[in-house]
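K.L.:
Next come the chains, spelled out residue by residue.
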Amino acid sequence: MKRLVSVLFVLTLGIFSSQIQAIEDKFHFDSPEKNALFLELTKELRCPKCQNQNIADSDAMIAVDLKRKVYELLQKDYDKNQVIDFMKQRYGDFVYYQPPVNPMTIWLWLLPMLFIFIALVGIVISRKRQTPEINQEQLAKAQEILEREE
Amino acid sequence: MKKVAVYLIPLGLFLGLCIFLFQGLFSNPREHQSSLLEQPMPEFVLPDLMNIEKTYTQDVFLGEVTLLNVWGVWCITCAIELPYLKQLQGEGKHIVGLYFDQDMDPDFGIKTVARVQQEVTEKLSQLGNPYAYNIFDVKRDLSMDLGVTGAPETYLIDQQGKIRLHHIGDINPRVWNKKFAPIYDKLVAQ
Numbered sequence: 001m002k003r004l005v006s007v008l009f010v011l012t013l014g015i016f017s018s019q020i021q022a023i024e025d026k027f028h029f030d031s032p033e034k035n036a037l038f039l040e041l042t043k044e045l046r047c048p049k050c051q052n053q054n055i056a057d058s059d060a061m062i063a064v065d066l067k068r069k070v071y072e073l074l075q076k077d078y079d080k081n082q083v084i085d086f087m088k089q090r091y092g093d094f095v096y097y098q099p100p101v102n103p104m105t106i107w108l109w110l111l112p113m114l115f116i117f118i119a120l121v122g123i124v125i126s127r128k129r130q131t132p133e134i135n136q137e138q139l140a141k142a143q144e145i146l147e148r149e150e
Numbered sequence: 001m002k003k004v005a006v007y008l009i010p011l012g013l014f015l016g017l018c019i020f021l022f023q024g025l026f027s028n029p030r031e032h033q034s035s036l037l038e039q040p041m042p043e044f045v046l047p048d049l050m051n052i053e054k055t056y057t058q059d060v061f062l063g064e065v066t067l068l069n070v071w072g073v074w075c076i077t078c079a080i081e082l083p084y085l086k087q088l089q090g091e092g093k094h095i096v097g098l099y100f101d102q103d104m105d106p107d108f109g110i111k112t113v114a115r116v117q118q119e120v121t122e123k124l125s126q127l128g129n130p131y132a133y134n135i136f137d138v139k140r141d142l143s144m145d146l147g148v149t150g151a152p153e154t155y156l157i158d159q160q161g162k163i164r165l166h167h168i169g170d171i172n173p174r175v176w177n178k179k180f181a182p183i184y185d186k187l188v189a190q
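Chains F and S are the protein sequences, given in the same order.
Just so we're aligned, residue 1 is where the first sequence starts under this note's numbering, counting upward by one.
Just so we're aligned, residue 1 is where the second sequence starts under this note's numbering, counting upward by one.
The reader is advised that the hints may include incorrect statements.
[Said to hold, decoys possible] Listing some non-contacts, in silico: residues in chain S with all C-beta distances to chain F over 10 Å:
(1) Y7
(2) D59
(3) V65
(4) P83
(5) Q126
(6) A132
(7) Y133
(8) L146
(9) H167
(10) R174
(11) K178
[Said to hold, decoys possible] The calculated DMTMM-like cross-link candidates involving lysine to aspartate or glutamate, where the alpha carbons are at most 25 Å apart (straight line), are:
(12) F:K80 to S:D141
(13) F:K76 to S:E91
(14) F:K88 to F:E147
In short, the hints are calculated from the structure, not lab data.
Cβ coordinates follow ideal geometry from the N, Cα and C atoms, glycine included.
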């Protein structure tokens, strides 16, 4: 039984490694750096057809075409930014998951900060207002109560 | 009075959020502005679908307002819009097809051109042929330069060969009247 399990284990491992081999065969790079950059880019570029998948995950025709284009561009020694610019020129900012900072998108960062700031100011103000003013009369009264209980 | 104002602030914020989210209900997530608007057609050299010997370049669009319709026989929505495109052509619009094939995958096997031509001829004789001619985007390079995400998509190109409009999805009377007609009529009147 144990033997059977280990045989099965080795077999499944074999299947997985041959699949990995297949991916590497399709887009073959000479240098491991380029290979890593390819994997990075296909994870960060968004498939224009399918709403929330990167091109590495998507099987849409356009995603396959984009992957091949990324491969071609990397073979032509494009660096990361050049590839992203190439894609943005054609598919707009939509194609890259990291939004650019512009007057429209700046609010994505500003709004939460503004919210925290306003909330903090609000808390400070309300705290200040609440601090009761203890006067001499109240202190004397409290003292009296304490003494009575003793 | 001051207290009322303080209580109105969250209400105001809430209403603002409601309006913002309500608008989101009707926005189309597939619609994004093409970055090629007002740009000249990308350069290309591609063959005619029916006559592979003949080639076209971006200059073919000069001098006439053109509707460049991206399509394929495998695309169901394209088949739905073909009759309406035929009608538009009947009204004197110049429609050019940009044809690409899904199965022509450079990574996998290649479908013969004769087979593609046969499929196209069959489809067009069935549903009507609105196209002056079809440009065959063999490796889908022009589609990529144009930012095509699928089919059908349509570009309105002016007499100077500049892209004036990019529409994702089919063309129907509503889309034509709302989106295309104002720009088209102005261009033709020039």
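K.L.:
The structure should be examined with respect to each hint, and the outcome stated for every one.
P.N.:
The hints, checked one at a time:
1. At the 10 Å boundary, the C-beta of S:Y7 stays outside the reach of chain F, the nearest C-beta of that chain being 14 Å off.
2. Look at S:D59: its CB is around 21 Å from the nearest CB on chain F, clear of 10 Å, so calling it non-interface holds up.
3. No beta-carbon of chain F comes within 10 Å of the beta-carbon of S:V65; the shortest separation is about 23 Å.
4. Distance to chain F confirms S:P83 as a non-interface residue, since its nearest Cβ pair spans about 25 Å, more than 10 Å.
5. Even its closest Cβ contact with chain F, about 24 Å, leaves S:Q126 beyond 10 Å, as expected for a residue assigned away from the interface.
6. Interface exclusion of S:A132 from chain F stands, the closest Cβ pair being 26 Å apart, more than 10 Å.
7. The Cβ of S:Y133 lies farther than 10 Å from every Cβ of chain F, with a closest approach of about 24 Å, so its non-interface assignment holds.
8. The claim that S:L146 is not at the interface with chain F is violated, since a C-beta of that chain comes within 10 Å of its own (minimum 7 Å).
9. The beta carbon of S:H167 is kept farther than 10 Å from every beta carbon of chain F, the shortest such distance being approximately 15 Å.
10. Every CB of chain F is more than 10 Å from the CB of S:R174 (nearest about 23 Å), matching its label as outside the interface.
11. With a least beta-carbon separation of about 22 Å from chain F, S:K178 lies farther than 10 Å from that chain, consistent with its non-interface assignment.
12. Taking the CA atoms of F:K80 and S:D141, the gap is about 21 Å. The hint holds against a cut of 25 Å.
13. Taking the CA atoms of F:K76 and S:E91, the gap is near 47 Å; set against the 25 Å cutoff, the hint is violated.
14. For a cut-off of 25 Å, the pair hint linking F:K88 to F:E147 is broken: about 79 Å separates their Cα positions.
Of the numbered hints given earlier, the model fails hints 8, 13, 14; all others are met.
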